[in-house]
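**Q** Residue numbers (the numbering used here), protein chains in the order written: chain P, 6 to 193; chain R, 93 to 551; chain L, 2 to 458.
Source of the hints: derived by calculation from the structure; they are not laboratory data.
Yeah, the Cβ is synthetic: ideal placement off N, Cα and C, and Gly gets one too.
Any given hint could be a false lead.
In silico DSS-like pairs for lysine-lysine, Cα to Cα no more than 25 Å straight-line [what the hints assert, rightly or not]:
#	chain 1	residue 1	chain 2	residue 2
1	R	K380	L	K275
2	L	K424	R	K538
3	R	K538	R	K549
4	R	K380	R	K549
5	L	K360	L	K275
6	R	K549	L	K448
7	R	K413	R	K130
8	P	K93	R	K549
9	L	K275	R	K541
10	L	K448	L	K275
11	L	K275	R	K538
12	R	K489	R	K413
So these bits of chain L aren't anywhere near chain P, every CB distance computed over 12 Å [to be verified]:
#	residue
13	W29
14	Y160
15	K206
16	A217
17	F339
18	F440
19	V446
Derived CB-CB ranges, DEER-like [unchecked claim]:
#	chain 1	residue 1	chain 2	residue 2	range
20	L	F339	R	D299	51 to 57 Å
21	L	W48	R	R228	49 to 55 Å
22	L	G336	P	L62	50 to 56 Å
23	L	W186	P	M57	45 to 51 Å
24	R	F421	L	K360	53 to 59 Å
25	R	A429	P	E16	41 to 47 Å
26	R	R228	L	F339	44 to 50 Å
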Amino acid sequence: MAVRGVLGLFENVDTAVAGVDAVNEMGFGRSDFEVLSNCPFPEGAFGEEQEMHRLGLWPVVGAACGFATGLLITGATQMAYPLVTGGKPLFSIPPMIIIMYEGTLLAAVLFTVIGVLFESRLPRLGSSLYDTRITAGYIGILLHSPEEQAEAVAAAMRRAGAEDAILEPLRQTNPGRVRQQPQEGASA
Amino acid sequence: MEVQEIEHRELPRLWELPPQRVIEDGLRRIRGSGTVYKVMLLISAVCAIVGIIAFIVGPISSGWNDRQAWTYVAITFGILMCTIGSAPCFSVCLRMVRGHWRRPVNRLAEIWAIGMIVPLILFFFLLGILPDTVGRSSFWFGWPVSPYLWDSVMMVALVICGYGFLYVGALPDMAIARDQIEGEGGGIFTRLSRGFRGTLYDWQIIDRAQGILGAFYVLLYVGSMTVIAGDFIEALVPGDNSAIFPAQYTIEGLEAGIAVTIFAMGIMRYLGGLDEYLEAEQFFAAAKLQLALGLLYFYTHWTEFIIWWYGRTPREVALLKIFYFEPYFWLFCVAFATMFLSPLFILVWTRVRMGIVGPWVTSGLVLVGIIIDNIRLYSASFSTPNIYLQELSTIPKAYVPGVTDILLAVGLLGGAVGVCLLGFKLVPYPSIWEVTAGIYLRVRRKYLKTEVVLIGKPN
Amino acid sequence: MLERHSHSTEQIIEDLLRPVTQTTTMNWVAFIVLGGVLSAWVFAIGWMFYWGTGVLGLNRQNIWGILIVNFVFWIGISHAGVMISAILRLSQAEWRRPVTRAAEVMTMFSLMTAMTLPFIHTGRPWRTAYWVFPYDFWRGIWPDVRSALVMDPSAVFTYLSGTIMFVYVTMIPDFALLRDRSIGWRHALYRVLALGFKGSERQWKIQTISGFILAAIMLSIFVSVHSIVSWDFAFSLDPVWHSTVWAPYFVIGAVHSGVSAVVTLMALMRWMFKFDDYIREEHFDAIGRLLVVVGSTWMWFFLLDVFFDLWRQDPTDDAIMRMRFFEWPYTLLLGFIFIFGYFIPVPIWLFRRFRRNIKVMFWTSILVNIGMWSERYWLVMPGLQRKFQWTFDWVPYRPGPVDITIVLGTFALVGFLLLVFAKLFPPVPVWDELEGQRFAGEIQVGKRSVPAIIREF
């Protein structure tokens, strides 16, 4: 099935909401399009549905990895070179705690940042439908619609008040996702 | 693409209440008392009587020469200073950050100041066992009548400031009580409200006075806890010159002050019928501060421990033993678990903080912890035989309390709670004027396809 | 915040990108002056590498001098970023918006500057690197984790890495903005940095949540960093160094000096980049109130340190304290600490009229940092000067011209790096300001229109 991106550009929030309504009326659900803006809106401003993310898990995993690494480095270092300094035990736990603490937090930050990029679907390496007017304050509604409906979607957005509606060149969906229609006469 | 419904938390109902309802709820406890209140008051009265008798039979009859006999008087004093003494500081902090969620909570933190008369009385008795500064460690540099005069000045100023802070904050509500309560019940409020009429000038005075008294209260509390930590604990343990200890003790106190407020919030919500005022919003925000103070508790203990651990001089090793690892090891473990580990592992989860049970249970655990920690500290400091040595040569055995000690502590603590309960007959709760002001400053409004709350920031 | 002027989106973007798009005469003057001082800095370091650390004022027991004092000072300044950014993000204070990035970037550059000092102070940094890298397999000698001097790099490195990542993540939307408005090498640079950010709801949601998570983690790091720096001194048995209060004392001192440095930076940004509509009097008012609390807490810890140094009436401690109070130059420095660090600025900040006066806030913040630099010297050097028991070893420490040039150079380095940053990236977060405008509203209470903020539940 051919899919085509449509990006409607709206100058203000009122026309953007009208655009959302117009797209909904054409049978597209909230999860079928994304709203692009140059700064956040209150959650749910353009509709209720919200994608799930697991960002909260990344720092936890990172912290666990950092903790283990810190334990390994501090523990193994002390055991590899057993030197009594200042009367402290060969395996000194309080100083280990300090370095393990730093390691835990460093790894938590690192994993969180990786998580941010992952959950934000960045870096976006391929080309994607976008317009620089979005960072200038326009609100974009980006919809991937079936090819046959793309023109109609663009027209509906323009009627709703979009200053511009940009159509993406044709592209195919992932062949693995296309359901094969059974050929006539073929066995089940 | 997976989607889920946005879980909007239910918007707090508090800010939808009509102002007249707030007045009725605020004056309810003054107009009459429920059974639960009367029972609690009765229990407190019995505790107070038992505590006073145990006090006379125990420490008073032992005299001021036996410092160890006064251990549990000091512990009770310490617990009260850490809990009801520090709760008004929590209120000051909340006023400084100017969040609206604090409006039903402030009065509950300030009202504990009414009970400060109890630790003040205990303090004056404890002065008798305090040695003067000649020949021992102290930070008084031989000032005249030290430490008695200066410690007393701090404590008296603190208590007076606490009463003043509470009174100034409650004055507008006392005026409401004066005008709304008929008959003799309203008579006392005529005197207390001092002709407050709610003019712009009146409100400006209240605002200014709260700011000044609140700031002074915090300064005096910090100063008082510093001198108490120094004179009643550190000075009595030979070789103890831990500069962080006064800060450690103050921070423990602040943590317990928040805990006592959150605990009271839970009681008032479930037993006091104030579920519309004390909602998840209040518990969520207060729990964040509880968690932060729990982390600071750990931090201040850790900095002391690590310096002594690295120094390893005989003096420091003895201090580690007496306070952490030998006679009071298990007390330290319990205090550590309740004051640090429980806020950390319970309140670190956002979903738990968003509820009510989690913060309330944690606050209860912290209160247990502050009791245990004060037992640890004062038992250690009151059991050293000779305070004039340069360092501890032998570690004294753990002090095991007798029946009188326990009755004294439980009794006096109960009595202090009773004094605070009496405060609810004079001070309206929740704070009518503050909650009503908050209602005017919150508006629900439609925003595109969702609903948001607008919070007014007049300052 | 709430005295904001209502500007169009385009106006806000233009104003906040002005430092990137325009280079004023003032910019050029600053570049030239700072560049000149930096050249002297590089020369002084090169001189020290060539002739050895004997060119510094160090001597037998004063093995550390103003280089380590300066190291502690810059680590302290770096605490501003987390204090302003993390704590205010977590408490959702609206007034953080124009200052978070500048504070975070100042943190980054302060940390980098601070790290140059332990690197160069041995006189042979190539040996220092060799000591650390590779983390030793071949010689069988491992860095001793029990030493605070090993914990220190781990903490500072963690803090620096965390800050760089934090700054980067929060700048991604502004990279996208710059990408869409630039050409040539700048466009290529911003395109790479923006990673294809397009401003979808999911991406904004992740931005907001990551701000909270990273702020919470950075807050935990920030407390540990200056504590570990303090333990470089406090772990030893040096009489006035070996104190249990040094960790929180250093941290609160760092916050005091760092937040004051942010005030300096705010005033300079307002003047240099004409950010009057974005860095307003209300921001100085709010930060001034914070400074009263922070400054008073710092004074409490300072007094605790002093009183407990005298607590045991130990002769060694007393001798050092006597030197600190009554001998040159420590008496002068003590005066600076009390007067510049607290007794001039804090009483001034109690008054709203002065808190809202930019010039007053600027000069008081400078005074605070003079006081705080003096405080670091006052804390560190006396302990070293009386380190050993024998009086023939008591030689005063006098910093030489090389020491002083290196120290002054660090100030120039931070200033220079900040200016370079402001030429490449907006120093005030554009998307944050736009969000602030979007989330601002009004409530009618009687005849008064009260400024309000949208709060999501």
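**Q** Now tell me, hint by hint, if it's right for this structure.
**A** Checked hints:
With a C-alpha separation of about 38 Å, the suggested pair K380/R and K275/L falls outside the 25 Å cut-off, and the hint is violated. Of the pairs offered as hints, the one joining K424/L and K538/R is violated, with about 41 Å between alpha carbons and a cut-off of 25 Å exceeded. Only pairs whose Cα atoms come within 25 Å are accepted, and K538/R paired with K549/R is accepted, the gap being roughly 19 Å. Between the alpha carbons of K380/R and K549/R the distance comes to roughly 22 Å, so the proposed pair stays at or under 25 Å and holds.
With a C-alpha separation of about 15 Å, the suggested pair K360/L and K275/L falls inside the 25 Å cut-off, and the hint holds. With a C-alpha separation of about 15 Å, the suggested pair K549/R and K448/L falls inside the 25 Å cut-off, and the hint holds. Distance restraint check for K413/R and K130/R: the Cα-Cα separation of roughly 46 Å exceeds the 25 Å cut-off, and the hinted pair is therefore not satisfied. With a C-alpha separation of about 56 Å, the suggested pairing of K93/P with K549/R is violated against the 25 Å cut-off.
Between K275/L and K541/R, the direct Cα distance comes to roughly 37 Å. Violation of the 25 Å bound is thereby established for this hinted pair. With a C-alpha separation of about 34 Å, the suggested pair K448/L and K275/L falls outside the 25 Å cut-off, and the hint is violated. Proposed proximity of K275/L and K538/R is contradicted: the alpha carbons are some 36 Å apart, above 25 Å. A threshold of 25 Å between alpha carbons decides the hint, and for K489/R with K413/R the separation of about 11 Å falls inside it, so the pair holds.
Listed as outside the interface, W29/L is consistent with that label: its C-beta sits roughly 29 Å from the nearest C-beta of chain P, beyond the 12 Å cut-off. Non-interface call for Y160/L relative to chain P: violated, since the shortest CB-CB distance, roughly 9 Å, does not exceed 12 Å. Under the 12 Å C-beta cut-off, the non-interface status given to K206/L relative to chain P is violated; the minimum distance is some 7 Å. Non-interface call for A217/L relative to chain P: violated, since the shortest CB-CB distance, roughly 9 Å, does not exceed 12 Å.
The Cβ of F339/L lies farther than 12 Å from every Cβ of chain P, with a closest approach of about 33 Å, so its non-interface assignment holds. Look at F440/L: its CB is around 7 Å from the nearest CB on chain P, not clear of 12 Å, so calling it non-interface is violated. Distance to chain P confirms V446/L as a non-interface residue, since its nearest Cβ pair spans about 22 Å, more than 12 Å. Hint check: F339/L to D299/R, Cβ distance near 32 Å, so the stated range 51 to 57 Å is violated.
One distance hint, 49 to 55 Å for the beta-carbon pair W48/L and R228/R, holds here, with the actual separation near 54 Å. With their beta carbons about 54 Å apart, G336/L and L62/P fall inside the hinted range of 50 to 56 Å. The hinted range of 45 to 51 Å is not satisfied by W186/L and M57/P, whose Cβ atoms lie roughly 39 Å apart. For F421/R and K360/L, the hinted distance range of 53 to 59 Å is satisfied, since their beta carbons lie about 58 Å from each other.
Between A429/R and E16/P the beta carbon distance is about 59 Å. The supplied range of 41 to 47 Å is therefore violated. At about 28 Å, the CB distance of R228/R to F339/L disagrees with the hint of 44 to 50 Å.
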